Amino acid sequence: MGITTTKTKTFDYERLSETDSFSAKMGHFGRFGGKFVPETIMPALDQLEQAYNEAKNDPAFNAELEYYLREYVGRPSTLYYAERLTKKLAGAKIYFKREDLNHTGAHKINNTIGQILLALRMGKKRIIAETGAGQHGVATATAAAMFGIQCDVYMGEEDMRRQALNVFRMKLLGATVIPVVSGSKTLKDATNEALRDWMGSVKDTHYIIGSVVGPHPYPTMVRDFQLVIGREARKQIVEKENRLPDYLIACVGGGSNSIGLFHPFIADKEVKMIGVEAGGLGNEIGQHASTLTSGKIGVLHGSVSYVLQDDEGQTLPVHSISAGLDYPGVGPEHSYLKDIGRADYVSITDEEAVNAFQECARLEGIIPALEASHAIAYTMKLAPTLDKNKLIIICLSGSGDKDSFEVAKKLGYTI
Amino acid sequence: MNRIDKKFEELKIKKKPAFIPFITAGDPDIETTESLILAFEKRGADIIELGIPFSDPIADGPVIQASYHRALEKGIKVSQILDMISALRRKTQIPIVGMISYSIVYKLGSKAFVEMALKAGLDGLTIPDLPVEENEEIFEIASKNDVKIVCFVAPTTTSQRMNLITQKTQGFLYYISVVGITGARDTLPDDIVQNINKLKQLTDIPIAVGFGVSTVEQARMVGKVAEGVIVGSAIIKEIEKYEHEPHEKLIENVGNFVGELVLGTKG
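Protein sequence lines, in the order shown, are assigned to chains A and B. Going by this note's numbering, 92 is the number at position 92 of the first sequence; the sequence numbering is gapless. Going by this note's numbering, 195 is the number at position 195 of the second sequence; the sequence numbering is gapless.
Because the hints were derived from the structure by calculation, they are not lab data. Because the structure is a prediction, the values reported are computed rather than measured. Keep in mind that a hint or two might mislead.
As a list, the in silico SDA-like pairs of lysine to any residue whose alpha-carbon atoms are at most 20 Å apart [said to hold, decoys possible]:
1) B:LYS77 - A:ILE285
2) B:LYS77 - A:PRO317
3) B:LYS74 - A:GLY183
4) B:LYS74 - A:GLU312
All chains, please: the whole structure from these sequences, using the hints.
Here you go:
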């Protein structure tokens, strides 16, 4: 069975990291990762790490998580053959891993359910989160409502404007959305504010980071909660095609849907993995959010990773039409995969993403999130160059309903 | 001898706590920062904590973040700050501790940065987002160069971590008095005395208390239990108040404010 091989091979990958000075304690991936945070929250991270290590080895915890993922989220999500897109591109055969079909319309809920169960296990009384596109905020507010726990979500004012629908959804779900007016008023500033809140509230509050970023243990823990994407996809593609795929393609902001899809295939060298970043409006500083393709190694939000910074370590402004990709950092494990050459990272412009958004809607009857549209746009370039017997899995990380207003505006419609 | 060690030795003989004002380098401009340091020394400040502006500070509250933002908007660079300190060293020997994010240190390179800091005349560094477990390299480099790395203890710090941190810290130990971010508060938490006594059993190194100390009365209270009192946000707010006034007026008024805090601390 595929799952057994995954397990053994994942271990090999970790041994590979070990030879490259992998330190489980501080969560380093080679020279990336770590725990660069104020002393005030160090004990909370230690507590979280311990609680998580206990929980992940506890069959009862895993059974509960599986229960909610199945009964509440609606997993497994389907691996759908995008037949008309495949035919139009006349190259490789394309499958969508349909994370948009999850409850709340994106992959983010896989992680928030896991972390809320963990928070309850630790006896925390309140949940905080940061959000960019609002998908993580909605997923957090949803899980918090379902478990009846107080929830405050930090969101940049600029993102609140772009994602007004998600702001309303969070409020409906009983969460308080706290506008962030500092800095660029986007995801990075919301992250700063959430970390600050946590420094003062750490005793009874759990901070649910929405991506594989931040200090250890978040990059590892969030990845683990998203592994379900790749594990299911692996099983499903073997069932359908009786073999592993040739390409995995997913968008990368912080990198949680992509690492969730990639990780169970890391040891299968024949499977190529491509992360697609936001190329925005162009290559100039402030016009894009292509952290891995144009950034340099630095420290942001608690870990060493590729970052968009100036030569003194100050964070540079970023842009993407997609609020979920509009972030100057990226998960440390992606930086590691890039450095060891296991994954490739490319970028797609706003315009290409909006084009893919429309193509996907027309050809497949699926309106993809702008984030996932980046992965589709890259596939639209790649697939025609490949043989018809090649297989591509795209992580369709979320639904584009939330983006309809932004895209309408871009296309000159008034709604 | 390092200027920080020397200062605490002098104060120990006088049986007085140190007063340590915090300001942001380059807010509102680098000339004002230089004048303020000299003015603070004249009013009896013992050590200066100088914040190096960072775009995404997580350990600091809104007042200091806004101050960093103002300085960065004007294009302040680390090299300008170090040049200012070099120039200042011809006028004063007051110990100066730089507070800097690890994001900047990492980018410039730990070794290169510590050497630049020492050459400019900085006596110590606090790197709030660098926990003791992650900073072997910088401790080694700093020890070789006689730059002190000042570490933090928070009320959330466990006994086990207290042991580790008290063994590592150099120059003094920075005790974060309030759980959470920097900023002025109305009351000081009760656990300060308790935690400071606990720390004193572990180390002889001077303990300075910061984060949330904002009034003369609070400074007096803290000065009775610790070897140092650090005030940041309250001073930055004073600077903000006189930001658009003539340079001399700003220096005079902020200097007076610090003078009162010094009297409170030493009282």
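task: Would you pick out the hints that fail for this structure and give their numbers low to high?
output: Going through the list in order, the structure violates no hint and respects every one.
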